[in-house]
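Trainee: Sequence:
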Amino acid sequence: MANFEREITYCINRFFTHRQIHGFAYRLKQSKFNTQYVDVLVDSLDPRYYLAIECKSISGKKLYFSQHFHFDKNNVHQVDAIADFIKRTGRRGFLAVEFRFGAGRAKEAYLMPWDTVLGYYGNVPGISIDDFRLCCALDRSGEEYDLPGLDTNQYPLSPPTDVEV
Numbered sequence: 001m002a003n004f005e006r007e008i009t010y011c012i013n014r015f016f017t018h019r020q021i022h023g024f025a026y027r028l029k030q031s032k033f034n035t036q037y038v039d040v041l042v043d044s045l046d047p048r049y050y051l052a053i054e055c056k057s058i059s060g061k062k063l064y065f066s067q068h069f070h071f072d073k074n075n076v077h078q079v080d081a082i083a084d085f086i087k088r089t090g091r092r093g094f095l096a097v098e099f100r101f102g103a104g105r106a107k108e109a110y111l112m113p114w115d116t117v118l119g120y121y122g123n124v125p126g127i128s129i130d131d132f133r134l135c136c137a138l139d140r141s142g143e144e145y146d147l148p149g150l151d152t153n154q155y156p157l158s159p160p161t162d163v164e165v
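Just so it is clear: in the sequence shown, position 50 is 50 by our numbering, and no numbers are missing.
Keep in mind that the hints were calculated from the coordinates and are not lab data.
Worth double-checking, as some hints may not be accurate.
Each computed PhoX-like pair below joins lysine-lysine, with the alpha-carbon atoms no more than 20 Å apart [to be verified]: (1) Lys56 with Lys29; (2) Lys107 with Lys61; (3) Lys107 with Lys56; (4) Lys107 with Lys62; (5) Lys29 with Lys73.
From just these sequences and the hints, can you work out the full model?
Mentor: Here it is in structure tokens:
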């Protein structure tokens, strides 16, 4: 999991560098005695890029709320805790999911807006890869993820540039 979190962090920072946007993504370290609300925070003076990203790297074709998320010591489900964190901080929330299919098969990764995650939560047991495919795809180039189509996606972070239309 830590590798996917690191890859997402690098991916977002490359996005900023490539677009010459002021912003910075960084991972939060887990600690036994400190609460970690999300895996990656993104800071920017531009509110479109003030983000909170939870990362999941899974084997299979479906992310399950009971299996891939946890309850904290106060019996609060991780989805609820993240939703509260996003609301309190004013960040835009995203769920980044990497689907691993085993040796020799390409990984797939997607960003889903947290509001969309909340639409599934409590209504279905999980979210299928086909549902994630409707969201923002992270292209894979070698060992790195890239966000070349982020702005032209159904869930934009910013309006498309002339080059992207």
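Trainee: Each hint needs a verdict: does it hold in this structure or not?
Mentor: Right, here's what the structure says about each hint:
For the suggested pair lysine 56 and lysine 29, the alpha carbons sit about 15 Å apart, so the restraint of at most 20 Å is met. The straight-line distance between the Cα atoms of lysine 107 and lysine 61 is roughly 11 Å, inside the 20 Å bound, and the hint therefore holds. Proposed proximity of lysine 107 and lysine 56 is supported: the alpha carbons are some 13 Å apart, at most 20 Å. For a cut-off of 20 Å, the pair hint linking lysine 107 to lysine 62 stands: about 14 Å separates their Cα positions.
The hinted pair formed by lysine 29 and lysine 73 meets the criterion: a straight-line CA distance of about 18 Å does not exceed 20 Å.
When the structure is compared with the earlier hints, no violation turns up for any of them.
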